[in-house]
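Just so you know, the sequences run in chain order A and B. Under numbering that gives the first Met the number 0, the first residue of the first sequence carries the number 0, and numbering increases by one thereafter. Under numbering that gives the first Met the number 0, the first residue of the second sequence carries the number 0, and numbering increases by one thereafter.
Simulated from the structure, these hints should not be mistaken for lab results. Computed from a predicted structure; not experimentally measured. Heads up, some of the hints might be wrong.
[Stated by the list, open to error] Chain B side only, calculated, beta carbon under 10 Å to chain A, not exhaustive:
1. Ser14
2. Lys23
3. Tyr58
4. Val62
5. Val66
6. Glu107
7. Val117
8. Pro135
9. Leu151
Where a beta carbon is used, it is the ideal one built from N, C-alpha and C, also for glycine.
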Amino acid sequence: MDEVFRALADPTRRELLDRLFEVDGQSLGALEKGLPMSRFGVMKHLKVLEEAGLVTTRRRGREKLHFLNPVPIRLIHDRWVGKYAEPWASALSELKTELEDEL
Amino acid sequence: MSDEQTYTVVGGRASMTVFEVYIKTTPERLWEAITSEQMRARYSFGVGTVSEWTAGSEYKSEVPGVVEIAGGKNLEVDPPRRLVQSFTALWSEDVQREGESRVTWEIEPVGTSCRLRVTHDQLGAEANNELYGGWPMILSGLKTLLETGEDLDTPGSLRYSEAGA
């Protein structure tokens, strides 16, 4: 879980995850477009994301495709958000239900 | 990793999604958790899956009388390593219109753990993300169940279990 937090603590890596959320399964060539850094820099960031389990890769011919794996983020949600934020969230959703019922 | 898994981008969206999780368990226990109706229900929104688990047999995921979630065929059954299923979502008219896709479960031992990879592919153009959006919660619940013996209790994780009880 430390690796996931470390991987997320960088704006370029979050940008890469957002790009994969938009279009999953992109090659390095597609992902590096428009990023203000070298191909090698992007590769390094992708490696950190891969080691944290946030990105998985598949080969298609000569290309390596990158896929967003959201499961580690869900694990953090279930471990942390469930514990600290859920009473809040459920209280708010009950309030919403009550208000909607009154309409 | 299977080369036959299909990947294309249609209308800006991928026709394939991949979900991975590491679980401290054995391949046999993991296989059992995937194929046992009762265990399955504990991490799949309360919905059990019933099948004979032989190649060519059908499966159905539902809470009888309450909700039908999905159905299809077991295309490949190779315990405790690999399960390939056709997948037709049934829980709403919107997802029913998406037609048939494919789900591949792959279990690989890694040290004292297993890597479980679920690949949902053959998704149509502009596939409704409801089709595959539930996998992270399901896999998180599966990990919790096998590692702690407990059920996930985050909102929605046991949505249909009380209704079915």
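Given B/Pro135 as an interface hint, is its Cβ closer than 10 Å to any Cβ of chain A? This interface hint holds because 4 Å falls under the 10 Å limit.
Hint validity - B/Leu151 Cβ closer than 10 Å to any chain A Cβ: holds (6 Å)
Given B/Val66 was flagged as interface, is its beta-carbon under 10 Å from a beta-carbon of chain A? violated (20 Å)
Chain A contact restraint for B/Glu107 - C-beta distance below 10 Å: Constraint on B/Glu107 not satisfied, violated at 13 Å.
Interface hint outcome for B/Val62 [beta carbon to chain A under 10 Å]: violated (22 Å)
Hint check: 10 Å Cβ-Cβ cutoff, B/Lys23 to chain A: violated (13 Å)
Do the numbers back the hint for B/Tyr58, that is, is its least Cβ distance to chain A under 10 Å? Because about 23 Å separates B/Tyr58 from the closest Cβ in chain A, which is outside the 10 Å limit, the hint is violated.
Please verify that hint: B/Val117, Cβ, nearest Cβ of chain A, below 10 Å or not. It holds, given that the least Cβ distance between B/Val117 and chain A is near 9 Å, below 10 Å.
Answer holds if the nearest beta-carbon of chain A is closer than 10 Å to that of B/Ser14; otherwise answer violated. holds (9 Å)
Comparing the model with each numbered hint stated earlier shows that hints 2, 3, 4, 5 and 6 do not hold.
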